[in-house]
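Asks: In order, the protein sequences belong to chains A and B. Per this note's numbering, the first sequence runs over residues 1 to 235. Per this note's numbering, the second sequence runs over residues 1 to 77.
Hints listed in this document are in silico derivations from the structure and should not be mistaken for laboratory results. Fair warning: this is a prediction, and the values are worked out from it, not measured in the lab. Fair warning: there could be bad hints in the mix.
Residues from chain B shown here face chain A by an in silico Cβ test under 10 Å; the list is partial [what the hints assert, rightly or not]:
hint	residue
1	12
2	17
3	21
4	28
Covered by chain B, per the in silico footprint, the following chain A stretches (three or more residues, Cβ under 8 Å) [stated by the list, open to error]:
hint	segment
5	48-59
6	104-114
7	210-223
All C-beta atoms in this analysis are idealised placements derived from N, C-alpha and C, irrespective of residue type, glycine included.
One letter stands for each residue in the lines below.
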Amino acid sequence: MFDVLNPSKIFTWIEKLIKFINSIFFILLLVALTFALIVSPPDYLQGDSVRIMYIHVPSSWIGLASFTCIALISVLIFIFKMKNLILIAKSIAPIGLVFTCLSIITGSIWGKPTWGTWWAWDARIVSMVVLGIFYILFILSNKFIEPESKATKISCIIAIFGFINIPIIKYSVEWWNTLHQPASIKIDGTSSIHSSMLMPLVFMLLVFLLYCALIFLMKYKTEIIRIKKKNLKRI
Amino acid sequence: MIQNFILMNGYGIFVWAAFAITFITCFILYYKTLKTLKKHEKDFADELNKLSSDQRTIVLEKSKIATKVLASYNKSI
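Whole structure, please, built from the sequences with the hints as guidance.
Replies: Structural data, given as structure tokens:
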């Protein structure tokens, strides 16, 4: 059933995928930037500062989605004890951390012209910082704890425990009075964002997702090579 | 028009700073990831070359990954 997750089989696809992403990435980036910086209109209230949304929102989504993936994979690791899943989780973590940090930094830059401050002890912002701390703990536990089996166990516990923070981030703007605005895009309801702003947002999200896929594939390939090198004499 | 595009009605400094930080960070992550990958490919190839020719042949016959990594490393040098 899990033969498709076999590193040997995946390895043959990695290079093809990397080449494919490289071939379309810059064209899509150019289109997305044109929409985000030129075509999309300024907001009636926030003016041109709204353009920060096109990098802030996809970064936040990727930060949240990556941790959710890591937490789910951690549960699967506990159930199936598959080494390959550990490699996948380890490859996703740095991407999630970078985008969580970018979300906080770009949010802070957006906050200055919008709220008049770089930082506020706001529920949404603080819970995003907590997410960043969970990412750091996950990465450090995998890097410094020996033996590897113990590191995997501890990092999985961190990921599953940290997953509690995900709904807190999502609903923080509804549960508490915060400076942060509520979600404008809803899957289960009517979105309040205009299509002229939604389209650049979707383009930027696509570009960021392609970038994440590229980094993930490169990191995953590195992990497979590292493991193969360890086992070279056993082959 | 270009001036308006750069200044963005006074918000230019915030918008450009946010975009610059994002793209510089992404470039650094890409560069570091690529460098680590190349280093591991080189280490793997070095380790493979340390084996006797018989052992190396067996490894390359048995492991598709070893063959691909070696090919990729040879291409990059």
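Asks: Identify every previously stated hint that the structure contradicts and give their numbers, smallest first.
Replies: Violated hints: none; all satisfied.
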